[in-house]
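Trainee: Sequence:
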Amino acid sequence: MSWRRLSLKPILFGFASTAVVSYGAYKYGQYKVSTNPPLDLFPNSSTTKLKSLDSPRYCTNISSIMPEIVDLGIEVLSSKPVIDHHTSNEFTTHKPLKEEVPQYVIYPTSTEQVSQVLKICNRERIPVVPFSGGTSIEGNFHSTRHGVVVDTSKMNKVLAINDNDLDVVVQCGVNWQKLNEDLEPYGLMFGTDCGPSGLISGMIATNASGINASRYGAMSANVISVTAVLADGTVVKTRRRPRKTSAGYNLTSLFVGSEGTLGIVTEAVVKVYPKPKSETVVVVQFPSISHATNTVAQVFRSGIQPSAIELLDANMIHCLNYGEYTSKPMLEAPTIFFKLGGINDTVVKESVKVLQSITKENDASNFKFAKNKQEQEELFSARKNALYAMTNWSRSEIDEDVKMWPTDIAVPLSQLSHVLTIINSWIKDSPFQSTIVAHAGDGNFHASIFYRDGQDDEAEKMVNKMVELGIANDGTATGEHGIGNSKRYFLQLELGENTIDMMRKIKMALDPNRILNPDKVFKIDPNDRGKH
1 MSWRRLSLKP ILFGFASTAV VSYGAYKYGQ YKVSTNPPLD LFPNSSTTKL
51 KSLDSPRYCT NISSIMPEIV DLGIEVLSSK PVIDHHTSNE FTTHKPLKEE
101 VPQYVIYPTS TEQVSQVLKI CNRERIPVVP FSGGTSIEGN FHSTRHGVVV
151 DTSKMNKVLA INDNDLDVVV QCGVNWQKLN EDLEPYGLMF GTDCGPSGLI
201 SGMIATNASG INASRYGAMS ANVISVTAVL ADGTVVKTRR RPRKTSAGYN
251 LTSLFVGSEG TLGIVTEAVV KVYPKPKSET VVVVQFPSIS HATNTVAQVF
301 RSGIQPSAIE LLDANMIHCL NYGEYTSKPM LEAPTIFFKL GGINDTVVKE
351 SVKVLQSITK ENDASNFKFA KNKQEQEELF SARKNALYAM TNWSRSEIDE
401 DVKMWPTDIA VPLSQLSHVL TIINSWIKDS PFQSTIVAHA GDGNFHASIF
451 YRDGQDDEAE KMVNKMVELG IANDGTATGE HGIGNSKRYF LQLELGENTI
501 DMMRKIKMAL DPNRILNPDK VFKIDPNDRG KH
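For the sequence shown, counting from 1, position 185 maps to 185 in my numbering; every step adds exactly one.
Pairs of lysine-lysine residues, derived as PhoX-like cross-links and limited to a Cα-Cα distance of at most 20 Å, are as follows:
{"hint": "1", "residue 1": "Lys275", "residue 2": "Lys384"}
{"hint": "2", "residue 1": "Lys271", "residue 2": "Lys244"}
{"hint": "3", "residue 1": "Lys154", "residue 2": "Lys178"}
{"hint": "4", "residue 1": "Lys371", "residue 2": "Lys277"}
{"hint": "5", "residue 1": "Lys275", "residue 2": "Lys349"}
{"hint": "6", "residue 1": "Lys505", "residue 2": "Lys49"}
{"hint": "7", "residue 1": "Lys373", "residue 2": "Lys275"}
{"hint": "8", "residue 1": "Lys349", "residue 2": "Lys371"}
{"hint": "9", "residue 1": "Lys349", "residue 2": "Lys373"}
{"hint": "10", "residue 1": "Lys80", "residue 2": "Lys95"}
Just so you know, the hints here were simulated from the structure itself, not pulled from any lab data.
Required output: the full structure, derived from the provided sequences and hints.
Mentor: Printed below as a string of structure tokens:
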């Protein structure tokens, strides 16, 4: 008798006859073998293709389930202002359709409560959108199913400051600026500085970055471990606190950038850094963007490691002048804001000398460095106020109801000048006006398009063309904002179908009922036509 026949006999004559009805089956030679989970949810392959799935089935009577959550002592709200706040923000380009708006917002205050909520939602197949600060701009937290939002913003405690280890343990709802206030007495700081309203869980979910990423990196470089609740309520901790480990899969990185599709992060251990003992800001202006980007490449090769390298194009400088964000008007030319820090004034002064020499080689027309703390704050506040400056200018000079479509493309530094030059030519030939702000040290830029009502489709075509240009130059559709539901097509263009299918396999393994942030990052429903 063959090995195959011997090994399958217990299955055939033991439980297969009943299990096939419950779980599905597949043919193995002449035999029918039961499967759990069903093959339509978890195919017998290394990847999961969209066409192999059936559409997910979700709860149609969510209101009957909410009392069970309320009885656990967890706050549940459903007023229109609360729902609206958890549905969109001022940068929303594709608002949820009427049938996609969430029905309830749930406010857990602990990991245990998040686990209790997800156990119930998974059992009843209720779609769940994790929510933290609500500042994402790619539809990351926008509902696509008529479900619930789990808002973790009330989980906002700093649990431990391990100053000698240079790490802190925080709940997911901690604001990074508030964390820096708590770290101030220790002479420490958190390195990742995205939008001021960013909370740790959302920053982890999108792998947020920011101005200081040139030196301190994005969230992926700053998260040591996470505690997360999986779709069925299981609580996992990805690792302990050492800076290095070879213990098993790197599950921490799996959650960073997963946008709440694999689990809800409730706690994290993150790195912190000593604040520079000495710091200055240098503002340098150039005849062209290529001169500016050449400077950045040479700065890195020189060994200097600025905390920030921020490039603003001439249009962005015009917005700053328009709003009088500096004491004196600036030359409207490509400009880089450098922030240099070190252990003492001597180190910083030497860095300034090296920087000045490099910029001179690249025909810099202006070189100004802050001589004191007041000048430092004034100079860099101009960069920090870029968003307010472009909003003020566009509402005054274009339309009081003007809309802005920000982009988030990143390319290798060697391609940055080439890509920005092409984009500038496209803008000049279009009906739109634009500003460019780039985290030049990372090759990450935001070319914001201003448009009026009725220009939405044309603006979207322009943005799509820009993203495709970035990808064609070995870049990415998103440097720090994430995919959400607005850039799913570009993710496939960037990484290829097999890679997306592998991601889908991981998603289905951890969340077979597809309740966590449905339809984000990639499609999970073969009937999804992308109308979100």
